[in-house]
Amino acid sequence: MGVNASGAESYVLCELAGTTYALRSDDIEQLEMVGQLTPVPNAPAFVDGVTSVRGRVIPAISLRARFGFERQPHDLRSRLVIVRAEGRAVGLIVDNAREFAAIPEATIHPPPDGLSELSSRYLRGMAQLGERLVLILDVAELLRVTEAPSPSLAAAALSAEILPSIV
Amino acid sequence: MSADGGGGGSQFFEEFIDDYFSECDEHLATVRRILLALETAAGEPPDATRLQELSRALHTLKGLSGMVGLSSAEEVAHAMEDAVRALQGETSAPAELLEALFSGESLLEACVTSRRDGTAPPSPGPYVDRVRDVLRLLEEESTEASMQARESVGLQAVGTSSHSFEFVPSAELAARGVGVEMIRQRLLSLGEITSTIPRVRQTGGVVFEFTVSVRDGVAPIDAWRADGLSWEPWLPESAGPVGMVVHASRPASAPIAATASNVVRVDLARLDDLMRMVGELVVSRARLGESVTRASGGMTPNAWEDLNEANETIERQLRAIREGVMRIRLVPIGEVFERMRFAMRDIARETGKAIHLEFSGQDTEIDKLVVDRMLEPLLHLVRNSASHGIESRADRIAAGKPGEGTISLRARAAGDRIVLEVEDDGAGIDVHRVGRRAREMGLVTTAEALAPDALLDVICSPGFSTRETADMASGRGVGMTVVRTTIRSLGGELFVDSVLGHGTRFTIELPLTLMITDALILEIGDQAMAIPQIVLREILPLDPAAVTRFENNEVLTYRGRVVPLVNLGALFNFPSRPGVARHVLIVGSDLHLAGLVVDRVLGLREIVVHPVADPLIAVPGVAGATELADGRVSLILDAAALVRGTRDRGARAALRTLQPGAPNVAGALTTPEHLWA
Chain A
80 MGVNASGAES YVLCELAGTT YALRSDDIEQ LEMVGQLTPV PNAPAFVDGV
130 TSVRGRVIPA ISLRARFGFE RQPHDLRSRL VIVRAEGRAV GLIVDNAREF
180 AAIPEATIHP PPDGLSELSS RYLRGMAQLG ERLVLILDVA ELLRVTEAPS
230 PSLAAAALSA EILPSIV
Chain B
3 MSADGGGGGS QFFEEFIDDY FSECDEHLAT VRRILLALET AAGEPPDATR
53 LQELSRALHT LKGLSGMVGL SSAEEVAHAM EDAVRALQGE TSAPAELLEA
103 LFSGESLLEA CVTSRRDGTA PPSPGPYVDR VRDVLRLLEE ESTEASMQAR
153 ESVGLQAVGT SSHSFEFVPS AELAARGVGV EMIRQRLLSL GEITSTIPRV
203 RQTGGVVFEF TVSVRDGVAP IDAWRADGLS WEPWLPESAG PVGMVVHASR
253 PASAPIAATA SNVVRVDLAR LDDLMRMVGE LVVSRARLGE SVTRASGGMT
303 PNAWEDLNEA NETIERQLRA IREGVMRIRL VPIGEVFERM RFAMRDIARE
353 TGKAIHLEFS GQDTEIDKLV VDRMLEPLLH LVRNSASHGI ESRADRIAAG
403 KPGEGTISLR ARAAGDRIVL EVEDDGAGID VHRVGRRARE MGLVTTAEAL
453 APDALLDVIC SPGFSTRETA DMASGRGVGM TVVRTTIRSL GGELFVDSVL
503 GHGTRFTIEL PLTLMITDAL ILEIGDQAMA IPQIVLREIL PLDPAAVTRF
553 ENNEVLTYRG RVVPLVNLGA LFNFPSRPGV ARHVLIVGSD LHLAGLVVDR
603 VLGLREIVVH PVADPLIAVP GVAGATELAD GRVSLILDAA ALVRGTRDRG
653 ARAALRTLQP GAPNVAGALT TPEHLWA
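Line order of the protein sequences matches chains A and B. So the number in this note's numbering is just where the residue sits in the first sequence, counting from 1, plus 79. So the number in this note's numbering is just where the residue sits in the second sequence, counting from 1, plus 2.
Extracted from the complex, chain A is given alone in its bound form:
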């Protein structure tokens, strides 16, 4: 699996607006070029659309938009990182994803207190990798906080399925 003998877990490093993020290899199903995305009306703003990956239709999230950075056009280095959590498969669009790294559990520090509550929820920790500071993402949490909240009682009474998601 993703853990080697010395207790270091394997990660995929992605870049986003100049910062390096790490995703656990075990959470990643595959890496793809960003292909044609089909926009989904009334989906949350950070959802760039849906795409077909090996016969399945999955949502693609712009991590830039999700983290409050400006979107940029996709280029040859852009990647769709397909992650799996709690039975869902979701594509994360990142600026690039080229490196693998083993990060020993002992070198991972908790995120600093100064972060907003939302960011710290999907940040599992931070690690110093040579010169670089790497932010380790918690995929399950990342997908969870992006879910639309369950409709309120009033909204449900108005027959939930036709209403735009409130995010």
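Hints in this document: simulated from the structure, not taken from any laboratory. Cβ coordinates follow ideal geometry from the N, Cα and C atoms, glycine included. Be aware that a few hints might be false.
Unchecked claim - Selected chain B positions facing chain A (Cβ under 7 Å, derived; list incomplete): (1) D616; (2) I619; (3) V621; (4) A627; (5) R634; (6) V635.
To be verified - Residues of chain B clear of chain A, computed beta-carbon distances all greater than 12 Å: (7) I223; (8) L270; (9) I316; (10) L359; (11) E442; (12) G503; (13) T509; (14) V582; (15) H612.
Following the hints, put chain B in place on chain A, whose structure we already have.
Okay, now just chain B, sitting in the frame of chain A:
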């Protein structure tokens, strides 16, 4: 979790856990079936064959549960075995004993479910004590009756001989796909499996001991030995301990075994994989078709004809494969109906009402996924009918009805949809009472009587219940919301008809299959979208002169009717290209029509429907997605939801006053000015 599995062994057991669950489901179904049969014939001496089958199922459940370390289930099954033993030789089945067996079955199910969900299993203690008490009481009442019966056990079919088999599972075998289930199927081809006893070996690991009542003239295949199965040398004819022959005229179990061996149990995930692959093939074929069309100029007519013919043949064959795979997924709805019979027992006891359950169309086949998802909603409707619909015996007789109430469950196919009905001959829904209650709860504001649609909306509102106190069976006011949401999530719709004093009928319409369909491809702005052909009534060019503004709606005069329009470009924010002649798709039922305004109509295609279940992309008006021949994903329109959107506008306007401060989240559909941006 595993109490006695300990250490490395427990991980070994985990590999068999799926087998365990499917085995348990099967044996629990057997237990339920026999218990119902015993109860129906409670006045007669319990049938020895049935009791034996019941003991066998319980014994296997006990053994399997012990093996996965589920000691609660083991104890319950053991206590139930004792209870079954006490039934043998009784002249009639004592009610308290049957009752104990029924609660035992529920408890066993709960234990297995807890293992599946990883939650704490219920404690078997109180149940074990209860069975012991019941047995002691019965023992005191009559001691000799149970004695003579024990002799009739050991019933064996004519023309069979009993053989033992041992199966030692291993990781290597599992990797080759050889598991307990496969071995069981093989043994079933020889005859009937009379017992399955899993044992933990001294050397570690487990071994399954099967006793098989093998029909004359069949023998195991030597190649099976390579799959971890072993047996005593096969001496033809006289071999093996031949069981005693009881009734020469009853070739009891052979037909059962023969049926069972014809059935292959397939993991639904594997079928889904297969279906997905067929889906990919359909897309590839469409791509090929387009290439063939394009190639027509660059080839000799004869060569192109051949190519085109081959392409068309593949398309036809693919259609046949697709239908074949889809048929595999179809199962008869009857098994769900049978579960209702079981649930009805509890309901009848809780409510003290006499209720007769009537079925029709049990053979109607429906997608396995739909069947599984419909179990809870149907159960809820049946409970509702029993609890709210059927009156007490006294009330019924006073109203000139038979004392026993009837609930009918019906299924039938109608085109490519399935219609399910739950109908009772009870009191019917008191529209005025529901209306009053809805007003009290602030669900509606008008003083008018509720129309059938509005009635259903109110019944299905979260928190609605006419009951002042909730009982076990129903009345908690959450169920109907879930019922309707589940049905709609499957692409179906719920209807209600009720006549005060005569009864209520809930009608559920569901799609037969969900996966591949013929669809019209359209363009809205620069986006291609698909709409299933089946929902289309007519396609018209949009004649601006035929559009009228009526109050807040844009409506179209269509065949003498007034049809509300939905401008999809505006609704989805896909701006129309200027100068495009637009079209109107007429969709909906005779009762509720709507016109969907689109830009271009590109043509009919066969599409593979992918669900868009992820919460990020499950948006209103979109039923799914599909991959077109160019590899791009297109969204599939949810016509039913769009029609509902227009239909509910009026009702919504009233409902919106429910919480005056709430934002008008339905704005996109309720303010049609936006639709004509």
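Status of the hints after comparison with the structure:
1. D616: 5 Å, holds
2. I619: Holds - the Cβ of I619(B) comes within 7 Å of chain A, reaching about 4 Å at its closest.
3. V621: 5 Å, holds
4. A627: Interface hint status for A627(B): holds (4 Å vs cutoff 7 Å).
5. R634: 5 Å, holds
6. V635: 4 Å, holds
7. I223: Holds: least Cβ distance 37 Å, greater than 12 Å.
8. L270: 14 Å, holds
9. I316: About 19 Å separates I316(B) from the closest Cβ of chain A, which puts it past 12 Å; holds.
10. L359: 31 Å, holds
11. E442: 15 Å, holds
12. G503: 29 Å, holds
13. T509: The claim holds: T509(B) sits with its nearest Cβ about 18 Å from chain A, beyond 12 Å.
14. V582: 19 Å, holds
15. H612: 4 Å, violated
When the structure is compared with the earlier hints, a violation turns up for hint 15 alone.
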